[in-house]
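Number of protein chains: 2
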Amino acid sequence: MIGKLNHVAIAVANLDEAVKTYSQSLGAKVSPPQDLPEHGVRVVFVELPNSKIELLSPLGAESPITAFLAKNPVGGMHHICYEVDNIATAITKLQADGVRILGDGKPKIGAHGKPVIFMHPKDMGGVLIELEEV
Amino acid sequence: MIGKLNHVAIAVANLDEAVKTYSQSLGAKVSPPQDLPEHGVRVVFVELPNSKIELLSPLGAESPITAFLAKNPVGGMHHICYEVDNIATAITKLQADGVRILGDGKPKIGAHGKPVIFMHPKDMGGVLIELEEV
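Here the protein sequences line up with chains A and B, keeping their order.
Position one of the first sequence corresponds to residue -3 (the numbering used here), numbered consecutively onward.
Position one of the second sequence corresponds to residue -3 (the numbering used here), numbered consecutively onward.
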């Protein structure tokens, strides 16, 4: 069912510092910051030859990153996103296996404009997993 | 400097359960478990079209995964590994930027038989990053 590793999302406390670390110390290609107010994040993409890293920092009072950074003040790995061909099929399969989909169980439009779901980390070995229909 | 995302390593409390989750619920291709006693882990590879996930469980009393699982009993994302062409050049560059290399600062032979280093998570935004020479 799952296809490519679309991205790993890393929550960062200081986006400027993180950009410096990835672009200078690690020598990676880094995009300009983009504000995604509907997702409550300011994001920078680290472009790798086979996948990408998303550096997420909080934007606005309702950011989903705020609570994570309260627990992990230095930052850390936030979630991992895999691609699927058909998200409706994925939801049916996962729910049949007892996996909880976060929210109302229906796909939302994600940061890349495509349907996404997140699964409950307790049903996925402690990892927050996003599936994105491509 | 960094090239491909070589793997994301996920520490798991129960390897059999994790294999079931990734192979059945997520429908991914999963390798048979391999014991790597010199690294203190039993590992299963989840093979994705563009990268891989390593599911790590502790092996032996000195496992580097034990302390992580004590803090994260359900499991969680443990580290992320990027490829580099030349690990000696990478070490020189990182140390010049004030990034601490774990251990004695010299490469070790990693789980794939290639030279690897790990950087101090506090110098990398809270993320444990491995570099592997390919």
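By construction, these hints were calculated from the structure, which means they are not laboratory data.
Heads up, the beta-carbon is just placed ideally off N, CA and C, and yes, glycines get one too.
It is possible that some hints are incorrect.
With a straight-line Cα cutoff of 27 angstroms, these simulated DSSO-like cross-link-like pairs (lysine-lysine) come out [said to hold, decoys possible]:
hint, chain 1, residue 1, chain 2, residue 2
1, A, LYS25, B, LYS89
2, B, LYS118, A, LYS48
3, A, LYS102, B, LYS67
4, B, LYS118, A, LYS89
5, B, LYS48, A, LYS25
6, B, LYS0, A, LYS25
7, A, LYS0, B, LYS25
8, A, LYS25, B, LYS16
9, A, LYS89, A, LYS16
10, B, LYS25, A, LYS48
11, B, LYS67, A, LYS118
Under 7 angstroms between C-beta atoms, here's a sample of chain A residues computed to sit facing chain B [said to hold, decoys possible]:
hint, residue
12, GLY72
13, MET73
14, ARG96
15, LEU98
Chain B stretches covered by chain A per the calculated footprint, using a threshold of three residues with CB under 8 angstroms from any CB of chain A [unchecked claim]:
hint, region
16, 12 to 25
17, 38 to 50
18, 112 to 123
Results of checking the hints against the structure:
Simply put, A/LYS25 and B/LYS89 have alpha-carbon atoms about 16 angstroms apart, close enough for the 27 angstroms limit, and the pair holds. With a CA separation close to 22 angstroms, the supplied pair B/LYS118 and A/LYS48 stays within the 27 angstroms bound. Between A/LYS102 and B/LYS67 the CA atoms are separated by roughly 32 angstroms; this puts the pair beyond 27 angstroms, and the hint is violated. Restraint check: the Cα-Cα separation between B/LYS118 and A/LYS89 comes to about 39 angstroms, which exceeds 27 angstroms; the hinted pair is violated.
For the given pair, B/LYS48 sits about 21 angstroms from A/LYS25 by alpha-carbon distance, which is consistent with the 27 angstroms threshold. About 12 angstroms separates the Cα atoms of B/LYS0 and A/LYS25, which keeps this hinted pair within 27 angstroms; it holds. Between the alpha carbons of A/LYS0 and B/LYS25 the distance comes to roughly 12 angstroms, so the proposed pair stays at or under 27 angstroms and holds. A C-alpha spacing of about 36 angstroms is found between A/LYS25 and B/LYS16, which places the hinted pair above 27 angstroms, so the restraint is violated.
For the given pair, A/LYS89 sits about 41 angstroms from A/LYS16 by alpha-carbon distance, which is inconsistent with the 27 angstroms threshold. This hinted pair checks out: B/LYS25 and A/LYS48 have alpha carbons roughly 21 angstroms apart, not beyond 27 angstroms. In summary, the hint linking B/LYS67 to A/LYS118 is supported, as the alpha carbons are separated by about 15 angstroms, within the 27 angstroms threshold. The restraint placing A/GLY72 at the interface with chain B holds, with a minimum CB-CB distance near 4 angstroms, inside the 7 angstroms limit.
Evaluation of the A/MET73 hint against chain B yields a held restraint, the C-beta minimum of about 4 angstroms falling below 7 angstroms. Interface restraint check for A/ARG96: the shortest CB-CB distance to chain B comes to about 12 angstroms, outside 7 angstroms, so the restraint is violated. For A/LEU98, the interface hint is violated, since its Cβ never comes within 7 angstroms of a Cβ in chain B; the closest pair sits about 15 angstroms apart. A stretch counts as covered by a chain when three or more of its residues have a beta carbon under 8 angstroms from one of that chain; for the region 12 to 25 of chain B and chain A the count is 8, and the coverage holds.
With 5 residues having a beta carbon nearer than 8 angstroms to a beta carbon of chain A, the region 38 to 50 of chain B meets the requirement of three or more and the stated coverage holds. With 7 residues having a Cβ less than 8 angstroms from any Cβ of chain A, the region 112 to 123 of chain B passes the three-residue criterion, so the hint holds.
Of the numbered hints given earlier, the model fails hints 3, 4, 8, 9, 14, 15; all others are met.
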